[in-house]
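Asker: The lines below spell out each chain.
Number of protein chains: 2
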Amino acid sequence: MELILQPAKTTWHRLLQRPALDLADLTEKVKAVLEEVRLNGDAAVRKYALLFDRVELNTTEVQQQEIEAAEAIVSAELKAAINTAAKNITSFHSKQFYPVEVIETMPGVQCWRKSVGIEKVGLYIPGGTAPLFSTILMLGIPAKLAGCKEIILCSPPDKTGKLHPAILYAAQLVGATKIFKIGGVQAIAAMAYGTETISPVSKIFGPGNQYVTCAKQFIQQDGIAIDMPAGPSEVCVMADDSANPAFIAADLLSQAEHGADSQVLLVALSSELVNNVEEELNKQLELLPRKDLAGKALQNSKAIVVSNIDEAIELVNEYAAEHLIISCDGHEAIAERIVNAGSVFLGHYSPESVGDYASGTNHTLPTNGYARAYSGVSVDSFVKKITYQKLTEQGLQQIASTVELLAEAEGLQAHANAVRIRLK
Amino acid sequence: MELILQPAKTTWHRLLQRPALDLADLTEKVKAVLEEVRLNGDAAVRKYALLFDRVELNTTEVQQQEIEAAEAIVSAELKAAINTAAKNITSFHSKQFYPVEVIETMPGVQCWRKSVGIEKVGLYIPGGTAPLFSTILMLGIPAKLAGCKEIILCSPPDKTGKLHPAILYAAQLVGATKIFKIGGVQAIAAMAYGTETISPVSKIFGPGNQYVTCAKQFIQQDGIAIDMPAGPSEVCVMADDSANPAFIAADLLSQAEHGADSQVLLVALSSELVNNVEEELNKQLELLPRKDLAGKALQNSKAIVVSNIDEAIELVNEYAAEHLIISCDGHEAIAERIVNAGSVFLGHYSPESVGDYASGTNHTLPTNGYARAYSGVSVDSFVKKITYQKLTEQGLQQIASTVELLAEAEGLQAHANAVRIRLK
Chain A
1 MELILQPAKT TWHRLLQRPA LDLADLTEKV KAVLEEVRLN GDAAVRKYAL LFDRVELNTT
61 EVQQQEIEAA EAIVSAELKA AINTAAKNIT SFHSKQFYPV EVIETMPGVQ CWRKSVGIEK
121 VGLYIPGGTA PLFSTILMLG IPAKLAGCKE IILCSPPDKT GKLHPAILYA AQLVGATKIF
181 KIGGVQAIAA MAYGTETISP VSKIFGPGNQ YVTCAKQFIQ QDGIAIDMPA GPSEVCVMAD
241 DSANPAFIAA DLLSQAEHGA DSQVLLVALS SELVNNVEEE LNKQLELLPR KDLAGKALQN
301 SKAIVVSNID EAIELVNEYA AEHLIISCDG HEAIAERIVN AGSVFLGHYS PESVGDYASG
361 TNHTLPTNGY ARAYSGVSVD SFVKKITYQK LTEQGLQQIA STVELLAEAE GLQAHANAVR
421 IRLK
Chain B
425 MELILQPAKT TWHRLLQRPA LDLADLTEKV KAVLEEVRLN GDAAVRKYAL LFDRVELNTT
485 EVQQQEIEAA EAIVSAELKA AINTAAKNIT SFHSKQFYPV EVIETMPGVQ CWRKSVGIEK
545 VGLYIPGGTA PLFSTILMLG IPAKLAGCKE IILCSPPDKT GKLHPAILYA AQLVGATKIF
605 KIGGVQAIAA MAYGTETISP VSKIFGPGNQ YVTCAKQFIQ QDGIAIDMPA GPSEVCVMAD
665 DSANPAFIAA DLLSQAEHGA DSQVLLVALS SELVNNVEEE LNKQLELLPR KDLAGKALQN
725 SKAIVVSNID EAIELVNEYA AEHLIISCDG HEAIAERIVN AGSVFLGHYS PESVGDYASG
785 TNHTLPTNGY ARAYSGVSVD SFVKKITYQK LTEQGLQQIA STVELLAEAE GLQAHANAVR
845 IRLK
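Those sequence lines, one after another, are chains A and B. According to my numbering, the first sequence holds residues 1 to 424 in order. According to my numbering, the second sequence holds residues 425 to 848 in order.
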């Protein structure tokens, strides 16, 4: 880790910058695949499955017997763990509903707002080094709670044309309505535009590589909603001398092992702590199966020492981390002053990994500083909030002169007429 | 209006399609302006103000004395109307907060979610034919309620370098922190990237022409959030024989007068009703100052007659209107079955124009079928919802085996270690 001692505020902006994700060189390739799937549907999907995933499938939709077979393979222990995580995620997300409240803004003028599930959503689950069945829970559970009617899941098959059994187990557990063995840009295109076998969705969720990220940007331009912009995963650990260097090192490594581009930031109140964390990092890194990836990530990462807790809070708010771990005395009071973060982990016994899997909060969170304006995925992400108003004749009389005056001042006579004609 | 009698469902998709908004030919121009403002800041803003708005300003920021002068000009009646609208919008939006609820998903595992206002937001208010001070209320009031610290407002000045007094009155009423006389793409660029005089914002709201829409799409690619994708305003009126043809005609015209590209759709249960509405349209259109615009919009609009209310509901759900007026008996029961709409107006005394100005609901709504996945603007649009978790040592023990199993099954050893090392 690069050690930076008491940097001047003027340098913070540069220090906290993430590496720019340049998709420019991908755009032409991605556009071509999107366009071909839009025009040729399943044929194009099959073509690119063969080209990119080296697999040929007559049918991309997962069949019931495949799901049953997978259920038989997944160990009882793993099933129990998945079920426990699902239970906690369900408890937390099921509290994200609020009763419809009718508000009478004026006598006879009633207004209210109702959440309605987005009818058709698509979940993309990457394949590759790790089968991210936890992401299926994080997206599928709120989708189901929100009342989405169609929950389509796409994930790339392995060379033998199979999905990981835990992926299938989690998918049926959350109630995915259809599961397709399709990966990458062609999966995003198929869900966005539809094919002979896949009906188009209104919103697409899920992580992915740079190609998938680029594809989601394009389909967003076509009016299909996406969960949020994507970037490499990141953690910021804020630590005072009450922190345990071994715990911090373990947290930094659990982020670093995601990949060489993972962002890891330590904000400490003393350089002694940083040195102790460095020692622990070297010890723990050696024992990791993914130590090459983690090591690379650590090389690009920073440890910043600041003079006091106020400065630390200001710094982490400017950074706007996806995950923020507060390993400090008085973490509750500090948490109150955090204004930019995806998810916050308080105290010495709340490692990021509990939020990644099982505490109940969602792990689909804004990276790359997007936490300044974006929230993580929640039930809100799967609903629209429709507003309603109902006026009685008396209510309309109450509000009439206001609407007429405003409409005329904006030069919109017909808006005024729509009120007048009803009160003639 | 084009009359369509009982169309087959297979034709609905085509019938309900909106005209495609092609921004392709604008992109190069818009990109160039964005890039120049990003590089040259205020100088570029001044250059384009002169080029596009034909106005030269030494300082673009509105001064206190200009606001006071404007307040003196705005009539007492108009101020009262603006204040009444503001009061209703405030009553409705102030109910969009929910208490923080700590959920113990397992003994010793506490999770909660808190809404925090986006620190810096930008509001764009177009100039042109109508001074849209109502949009200032619709964006500024929830921004203030959400606790946004900086609320920057940009609007193009007239040839004399002034903003409409009602714009300034509304801006100070909602508590805009800074007001700038900047329009178009250069305003979006200035708020997104910042200049010597404008600090960059995290999210940009507000309507605009195709150039502004295109600019908002670009800055969204750079990670600055936007309120929602834009399209021409639209209304769908759903009417049975209990409806008053004169009321319906007035509602259709109040949408049509927005501009030639406004979308107007009538879904009726009988062709008699459509004919009577047509008659009323011709009568009322003649008396409108903006009858040319409204007339053009009506030429592109449709009246669809369906056989029964179920089909009508299915049709309007497929259309996903920005504004849906239900002029039918049993409108409450029908409203319960609406799943895609921006804002719904129930009964014969709830014209769209009350929602445009003063009922209390927000008028910044998803057009172009985006209501399938997007909500209108609300307090939610101005906050991030940050999640928190705090585990006790006992809580971590409770959840440890679950996290370790899941992490290992996903091949993420360091994630498991972060738990293990704390329980050694």
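You may find that some hints are simply not true.
As the list claims (entries may be wrong) - Only pairs whose alpha carbons sit at most 30 angstroms apart, straight line, appear in this in silico DSSO-like list of lysine-lysine: (1) B:848 <-> A:283; (2) A:159 <-> A:302; (3) B:544 <-> B:471; (4) B:538 <-> A:302; (5) B:511 <-> B:471; (6) A:424 <-> B:726; (7) A:424 <-> B:511; (8) B:586 <-> B:573; (9) A:114 <-> B:433; (10) B:455 <-> B:602; (11) A:120 <-> B:809; (12) A:29 <-> A:120; (13) A:424 <-> B:573; (14) B:726 <-> A:385; (15) A:385 <-> B:848; (16) B:726 <-> B:715; (17) B:544 <-> B:586; (18) B:568 <-> A:95; (19) A:385 <-> B:455; (20) B:455 <-> A:114; (21) B:453 <-> A:9; (22) B:511 <-> A:114; (23) A:149 <-> B:453; (24) A:79 <-> A:291; (25) B:538 <-> A:114; (26) A:385 <-> B:544; (27) A:95 <-> B:544; (28) A:87 <-> A:302; (29) B:453 <-> B:568; (30) A:149 <-> A:79.
FYI, nobody ran anything at the bench for these hints, they're computed from the structure.
Asker: All hints, please: hold or fail.
Answerer: Against the structure, the hints come out as follows:
1. B:848 <-> A:283: Roughly 16 angstroms separates the two Cα atoms, so the pair holds.
2. A:159 <-> A:302: Cα-Cα ~39 angstroms, so violated.
3. B:544 <-> B:471: 26 angstroms, holds
4. B:538 <-> A:302: 29 angstroms, holds
5. B:511 <-> B:471: 39 angstroms, violated
6. A:424 <-> B:726: Holds, at about 28 angstroms.
7. A:424 <-> B:511: Holds - the C-alpha atoms of residue 511 (chain B) and residue 424 (chain A) are around 27 angstroms apart, at most 30 angstroms.
8. B:586 <-> B:573: 26 angstroms, holds
9. A:114 <-> B:433: Roughly 28 angstroms between the alpha carbons, so the hint for residue 114 (chain A) and residue 433 (chain B) holds.
10. B:455 <-> B:602: 26 angstroms, holds
11. A:120 <-> B:809: 24 angstroms, holds
12. A:29 <-> A:120: Since the Cα atoms of residue 29 (chain A) and residue 120 (chain A) sit roughly 27 angstroms apart, the hinted pair holds (cutoff 30 angstroms).
13. A:424 <-> B:573: 46 angstroms, violated
14. B:726 <-> A:385: Holds. Residue 726 (chain B) to residue 385 (chain A) sits at ~27 angstroms (cutoff 30 angstroms).
15. A:385 <-> B:848: Roughly 47 angstroms separates the two Cα atoms, so the pair is violated.
16. B:726 <-> B:715: Distance ~18 angstroms between residue 726 (chain B) and residue 715 (chain B) Cα, so the pair holds.
17. B:544 <-> B:586: 25 angstroms, holds
18. B:568 <-> A:95: 26 angstroms, holds
19. A:385 <-> B:455: 33 angstroms, violated
20. B:455 <-> A:114: Not OK: residue 455 (chain B) and residue 114 (chain A) at ~39 angstroms, beyond 30 angstroms, violated.
21. B:453 <-> A:9: Violated. Residue 453 (chain B) to residue 9 (chain A) sits at ~36 angstroms, over the 30 angstroms cutoff.
22. B:511 <-> A:114: 22 angstroms, holds
23. A:149 <-> B:453: The hint is violated at about 42 angstroms.
24. A:79 <-> A:291: Holds, because 28 angstroms separates the two Cα atoms, which is no more than 30 angstroms.
25. B:538 <-> A:114: It holds: about 21 angstroms lies between the C-alpha atoms, which stays within 30 angstroms.
26. A:385 <-> B:544: With Cα atoms ~24 angstroms apart, residue 385 (chain A) and residue 544 (chain B) stay inside 30 angstroms; holds.
27. A:95 <-> B:544: Status holds; Cα separation ~29 angstroms.
28. A:87 <-> A:302: 36 angstroms, violated
29. B:453 <-> B:568: 34 angstroms, violated
30. A:149 <-> A:79: Since the Cα atoms of residue 149 (chain A) and residue 79 (chain A) sit roughly 25 angstroms apart, the hinted pair holds (cutoff 30 angstroms).
In summary, the numbered hints that this structure violates are 2, 5, 13, 15, 19, 20, 21, 23, 28 and 29.
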